[in-house]
Amino acid sequence: MKANGNISRRQFVSMSAVAGLGLALAGCGSTGGSSSTSDSGSGSSASGKVYYLNFKPEVDSQWQELAKAYTKETGVEVSVVTAASDTYEQKLQSEMSKSSAPTLFQVNGPIGLKSWKDYCADLTGTDILNELTNDNLALKDGDKVLGIDYVEEDYGIIYNKDLLTKAGYKESDITSFGTLKKVADDIQARKDELGVKGAFTSAGMDSSSNWRYTTHLANMPIYYEFVKDDEEQTGTDAIKGTYLDNYKQIYDLYITDSTTDPAQLASKTGDDANNEFVNGEAVFYQNGSWAWADISKKLGEDKVGMLPIYIGVDGEEKQGLCSGGENYWCVNSQASEEDQKATLDFLKWVVTSDTGTKSLASDMGLNCPFKSAKEPDNPFSKIAKQMISDGKTSVNWDFVWIPSEQWKSDLSNALTKYAAGTDKWDAVKTAFVDGWKTESEANAE
Amino acid sequence: MVKSLRKWWPLFLLPTALSFAFGFVIPFVEGLYLSFCRFISISNPKFVGISNYVAALADPQFAHSFWLTALFTIVITVLINVIALAIALCFTRKGLKGSNGFRTVFFMPNLIGGIVLGYIWQILINGVLTIVGQQLLALNTVAGFWGLVILMLWQQVGYMMIIYIAGLQSIPSDYLEAAKVDGATAWQTLWKVKIPNLMPTITICLFLTITNGFKLFDQNLALTGGAPDHSTELLALNIYNTFYARAGAKWMGIGQAKAVIFCILVICISMIQLRATQSKEVQQ
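Chains A and B supply the protein sequences, listed in that same order.
Per our numbering, the first sequence starts with residue 1, numbered consecutively.
Per our numbering, the second sequence starts with residue 1, numbered consecutively.
Hints should not be assumed to be uniformly reliable.
[What the hints assert, rightly or not] Subject to a maximum C-alpha distance of 27 Å in a straight line, what follows is the list of computed DSS-like cross-link-like pairs (lysine-lysine): (1) A/K98 to B/K46; (2) A/K91 to B/K250; (3) B/K46 to A/K117; (4) A/K371 to A/K348; (5) A/K98 to B/K250; (6) A/K114 to B/K250; (7) A/K144 to B/K46; (8) A/K140 to B/K250; (9) A/K140 to B/K46; (10) B/K215 to A/K91; (11) A/K437 to B/K215; (12) B/K250 to A/K117; (13) B/K215 to A/K144; (14) A/K91 to B/K46; (15) B/K215 to A/K114.
[Claimed, not checked] Sample of chain B residues with no beta-carbon within 10 Å of chain A, all distances over it, derived: (16) V75; (17) W146; (18) C268.
Calculated from the structure, these hints are not laboratory results.
Cβ atoms here follow ideal geometry from the backbone N, Cα and C, with glycine treated the same way.
Please model the complete structure; the sequences and the hints are all you need to start from.
Structure representation (C-alpha cells):
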C-alpha cells in the first residue's frame, strides 16, 4: 500500500527539517544582503534619509511635528521613533541590527560610548559642532568628537516658596549645609504647626526614584573628589570616597527630616515624592529641570525655586546648581554617506532655524547649549542661568563616569538597608568604593 | 476527504511551519551562533570561541540563580499540582451546585498578565509586611521568595485545575462503578483508579509547571526585581541583567551563552520528566 501512515510521517519530519534549515540559511543570508543593496541602490534621490531614535518619551509628539516641518521645507524624509521609558538601550540594539538602522541616536556619556564607539561618526569640523557654545559638551574619544550634548539640564533642591516663607525663612538664609540642616530641622520639629508632613519629600528607593540618590546625590562626593584629584576629563578606575562623610550627612538629613519613616522608603516611588511636593506636604524636593512638566500642573512659576545641594564642603557658598547633560547626539557612522550628510543638515536646521529653536525651547522646554538657542519656558533653567551670571560655580555631571548600572543598583540596595536600619553605613562605603573598583575591572575589555 | 488531505497537507501546514521557522528555528540557530561571539548589534558579530561559556559558568550569580530557580520550581510544582488536583476533585463531584461558576472564578487569575500581577502583589505584600512589622520586599529575601510562590499559585492553580477536570471527566465511569461495587473507599479509589488513569494529565501538568517555573521572568521582575542584592533573582532575570546592567560588547555574548545553557537545561529536565511520567501511563 502506497503512502501509509509511517512513511508519510517520516517524510514530513525530514521535509520540515530541511525546510527549516533552508529558511534559516536564507534568513541569515538576506539580512546581510539587503543592507548593502540599500547603500548602493538609493543613489536615485540626491538627498538621504534621516531616522532619529529619540530617548525622551515626554517630547515624542513635538519631535514628530518638527520632523514633518523639516520634510515640508526641504523634502528630505525624516522619521522619528521613540523608545519607551527605560528601554532605550534595548531598542537601539535591535534597531541597529536592521538594514534601515537609525542615522541619529544618542548615548548617555563616556560609559555608553564604550558600547557604541564603532557606530559613531567623527563630528569634527561639522556645522553642528560649531554651534555648540561650550567645548566641554562635546564627547570625545582621543581626538575625535563622537557625541554632542544637546540638552543642558540642572538639578538641585526644589523648594516651595510659600511654605518656606510661612516657616519664617528666605532663600538667602540657606547658603551652606549647616544652614540647610538648621532650617530643615526646625521645619521638621514644627511640622504640625506649619501643616506639612515633613521638611523633605520621601527619599523613595524604588526604581522610579532611587536614581535621585544613587546618581544625582552621589554626584556630589564624586564631583568634589574628581575636582580635587583633577580627574574630570578621564574618570577613574578606583574612587577613594574622600567625601563620603559629606554624602552621609546629606542623606541622613533627607531621611530624618522627611515625610516618611525611613523603614518605609523601599516602597516609595518618584510619583509619591512629586505628589507630596505639589500637594504642599513637604517644603524641599530634590529633583531637576525635567520635573517642571509635572510640577507645573499644580504650582506656578513664582511658587517654586531651586537651591544648590549643599553637603558641607569648604567654599560651598559659591556652589551653584548641578548642570550638565546625559544626552549626546551621535550620527551613525555605518549609515550611507548621503544619510549621514542629511542627518547633519537636519541637526543644523534643528538648532539654528526659527522653527527648530522654538520647538526645542517652548514646546519641549529644553535648554540647548547652542549659539542660536532660545530661552526655554522653564523656571529652573532660568534660575541656573541666573546663578551662573551671579558668579556661582556649577557642579558638573561627573556621575557620567559611574562604571555601570550594576554599581548604581548595588548602591541603592546598601542605602535602602542603611535607611531601614538593617545595615550600617560601612556597607554603603563598600558598595561605593569597592564596588566602583570591581565594576571598573568588569568593564575592562 | 482523506485522499485530498494526503495531497494537500503541505499547503495547510506551510503557514505554521513558516511561523515556527521564523519565530523559533531561525532565532535559535542565530542565537546559538552569537553565543560564540562578541557583539553589540547582532549584524556585526566577532567570533571568539568558547570564552563566553567559560565566563558564564564562572559567574557565581548564575549558579546562585540556577539553584534558586530549581528550588522555586520544585516548590511550585508540588504545591500547584496538589492544590489543583484537590480542587479539581471537588469540582467534579456530581451535584455540587455552582461548580461551573467556581471553575470560572478559579481560572480568572490566569488571564492577568505577569507584570501587572507582580506590581499589584508587591503592593499587597508590602502592605501585609508593614502591618506585621517585617522588612519590605526590597530588603526581605524570604518574603520575596514566598511572595513569588504565592503569586504563581494564585495565577497557575486555575489553569492546571481546568486540565485536571478534563482529565477526571475522561476516566471511564465503568472503572469508578466497578471500584464502588468492589467496596473501595474514596481514598483507595483516588490512588488505585483515578490517579493511574490521570497519568497523561499529570504528565502535561507537571511539564507545564516545571517549564513555567524555570522560565519565570515577568513576575520576578515586577515583584522583587531580584532585590535585595540579587538574592531573589531567578535565571531569566539574571540573563536579562547580564545583557543590560553593564555597558560593553562582551556582556552580550556572555548573556547569550547563558541563554543557550538555560535552554539546554530546561530541555533536559523536561525530557527526563516526560520520560518518567509517560512510562507510568496506563492504557485505557
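Structure-based check of each hint:
Note on A/K98 and B/K46: the hinted pairing holds, with a Cα-Cα distance of about 17 Å set against a maximum of 27 Å. Of the pairs offered as hints, the one joining A/K91 and B/K250 holds, with about 18 Å between alpha carbons and a cut-off of 27 Å not exceeded. A distance of roughly 16 Å separates the Cα atoms of B/K46 and A/K117; the hinted pair therefore holds under the 27 Å criterion. Taking the CA atoms of A/K371 and A/K348, the gap is about 11 Å. The hint holds against a cut of 27 Å.
Among the hinted pairs, A/K98 with B/K250 is consistent with the structure: their alpha-carbon atoms are about 21 Å apart, no more than 27 Å. Taking the CA atoms of A/K114 and B/K250, the gap is about 11 Å. The hint holds against a cut of 27 Å. Of the pairs offered as hints, the one joining A/K144 and B/K46 holds, with about 24 Å between alpha carbons and a cut-off of 27 Å not exceeded. Between A/K140 and B/K250, the direct Cα distance comes to roughly 22 Å. Compliance with the 27 Å bound is thereby established for this hinted pair.
This hinted pair checks out: A/K140 and B/K46 have alpha carbons roughly 25 Å apart, not beyond 27 Å. For a cut-off of 27 Å, the pair hint linking B/K215 to A/K91 stands: about 23 Å separates their Cα positions. Of the supplied pair hints, the one linking A/K437 and B/K215 is violated, its CA atoms being roughly 33 Å apart against a limit of 27 Å. For the hint pairing B/K250 with A/K117, the CA-to-CA distance comes to about 14 Å; that is within 27 Å, so the pair holds.
Straight-line distance between C-alpha atoms of B/K215 and A/K144 comes to about 44 Å, which puts the hinted pair past the 27 Å bound. The suggested pairing of A/K91 with B/K46 holds, with an alpha-carbon distance near 21 Å, which does not exceed 27 Å. This hinted pair does not check out: B/K215 and A/K114 have alpha carbons roughly 31 Å apart, beyond 27 Å. With a closest Cβ-Cβ approach of about 25 Å to chain A, B/V75 is found to remain outside the 10 Å limit, as its non-interface label requires.
Against the 10 Å criterion, B/W146 stays outside the reach of chain A, whose nearest CB is about 17 Å from its own CB. The beta carbon of B/C268 is kept farther than 10 Å from every beta carbon of chain A, the shortest such distance being approximately 21 Å.
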